[in-house]
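Novice: Given the structure of chain X, go ahead and fit chain P onto it with the hints provided.
Chain residues, written in single-letter form:
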Amino acid sequence: EPEVTQTPSHQVTQMGQEVILRCVPISNHLYFYWYRQILGQKVEFLVSFYNNEISEKSEIFDDQFSVERPDGSNFTLKIRSTKLEDSAMYFCASNPSNYGYTFGSGTRLTVV
Amino acid sequence: DQQVKQNSPSLSVQEGRISILNCDYTNSMFDYFLWYKKYPAEGPTFLISISSIKDKNEDGRFTVFLNKSAKHLSLHIVPSQPGDSAVYFCAASGLGNEKLTFGTGTRLTIIP
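In the order they appear, the protein sequences are chains X and P. The numbering used here runs 312 ahead of the 1-based position in the first sequence. The numbering used here runs 7 ahead of the 1-based position in the second sequence.
These are computed hints drawn from the structure, not numbers from a lab. Because the structure is a prediction, the values reported are computed rather than measured. Some hints could be false.
What the hints assert, rightly or not - Here are the computed lysine-lysine pairs in the DSS-like style, where the Cα-Cα straight-line distance is at most 27 Å:
1) X:Lys354 / P:Lys75
2) P:Lys63 / X:Lys354
3) X:Lys369 / X:Lys395
4) P:Lys63 / P:Lys78
5) P:Lys12 / X:Lys354
6) P:Lys63 / P:Lys75
7) X:Lys395 / X:Lys354
8) X:Lys354 / X:Lys369
9) P:Lys61 / P:Lys12
10) P:Lys12 / P:Lys75
11) X:Lys390 / X:Lys354
12) P:Lys63 / P:Lys12
13) P:Lys12 / P:Lys78
14) X:Lys354 / P:Lys78
15) P:Lys75 / P:Lys61
16) X:Lys369 / X:Lys390
17) P:Lys63 / X:Lys395
18) P:Lys63 / X:Lys369
Only chain X is shown next, with the shape it has when bound in the complex (with noise of 0.2 Å):
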């Protein structure tokens, strides 16, 4: 069965760097997205990304926050300035069109 692949499953950092979270979503899925969740809370929507342009994005999307599909299979997710309440579970999801989302199993950023 197709899978929303996600690496590093785990990454460090250090408070003020940048880091970039990687998807592979599924090959023929149209919207893709980034949800985080921080510990003991519930699944948080960031963006939604649909024709190499961000559709929809929360208010936790703010400037230090961007996505890029670089090379039309990899999506990714920058944070500029890694701050301590960034540390959560950020999962990637990608949609074909119609409630058939998938998740991605997640990267858990730990910001030191």
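Specialist: Then chain P, alone, in the frame of chain X:
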């Protein structure tokens, strides 16, 4: 603004009995509702969904009920099995490719 609420953070059920997980929502624009199962350090796994035009959807041991007038949905698992122990999230969306809004989750423990 909690648009999707799961008021029971945890639930314990004997193996073989019925597990009932509840979810309430406030946004009447939600059109589609989903249940996800999540293990630690893994991404959410889709279980079952229901469109707002239906009041019941069944898939094997899993049944989702939707009461639109009460803005309430529930997931029934019968019979419950030890492998069902996980955190269950309900989620809601508008159109098929719109963002998912998640509840806070219910940790289900099946007692052998």
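Novice: Hint by hint, say whether it matches the structure.
Specialist: Taking the hints in turn, this is what the structure says about them:
For the proposed pair Lys354 of chain X and Lys75 of chain P, the alpha carbon gap of about 23 Å is at most 27 Å, so the pair holds. Proximity of Lys63 of chain P to Lys354 of chain X is assessed by CA-CA distance (about 25 Å); at most 27 Å being required, the pair is judged to hold. For a cut-off of 27 Å, the pair hint linking Lys369 of chain X to Lys395 of chain X stands: about 19 Å separates their Cα positions. Taking the CA atoms of Lys63 of chain P and Lys78 of chain P, the gap is near 14 Å; set against the 27 Å cutoff, the hint holds.
In summary, the hint linking Lys12 of chain P to Lys354 of chain X is supported, as the alpha carbons are separated by about 10 Å, within the 27 Å threshold. Among the hinted pairs, Lys63 of chain P with Lys75 of chain P is consistent with the structure: their alpha-carbon atoms are about 11 Å apart, no more than 27 Å. Proximity of Lys395 of chain X to Lys354 of chain X is assessed by CA-CA distance (about 20 Å); at most 27 Å being required, the pair is judged to hold. With a C-alpha separation of about 17 Å, the suggested pair Lys354 of chain X and Lys369 of chain X falls inside the 27 Å cut-off, and the hint holds.
For the proposed pair Lys61 of chain P and Lys12 of chain P, the alpha carbon gap of about 20 Å is at most 27 Å, so the pair holds. Proximity of Lys12 of chain P to Lys75 of chain P is assessed by CA-CA distance (about 15 Å); at most 27 Å being required, the pair is judged to hold. For the proposed pair Lys390 of chain X and Lys354 of chain X, the alpha carbon gap of about 21 Å is at most 27 Å, so the pair holds. For the suggested pair Lys63 of chain P and Lys12 of chain P, the alpha carbons sit about 20 Å apart, so the restraint of at most 27 Å is met.
As the CA atoms of Lys12 of chain P and Lys78 of chain P are separated by approximately 11 Å, the hinted pair is consistent with the 27 Å bound. For the given pair, Lys354 of chain X sits about 20 Å from Lys78 of chain P by alpha-carbon distance, which is consistent with the 27 Å threshold. Between Lys75 of chain P and Lys61 of chain P the alpha-carbon distance is near 9 Å, which keeps this suggested pair within the 27 Å criterion. Distance hint between Lys369 of chain X and Lys390 of chain X is fulfilled; the C-alpha atoms sit about 14 Å from each other, no more than 27 Å.
Under the criterion of a C-alpha separation no larger than 27 Å, the hint pairing Lys63 of chain P with Lys395 of chain X is inconsistent with the structure, at around 44 Å. For the suggested pair Lys63 of chain P and Lys369 of chain X, the alpha carbons sit about 32 Å apart, so the restraint of at most 27 Å is broken.
Hint violations for this structure: numbers 17, 18, all remaining hints satisfied.
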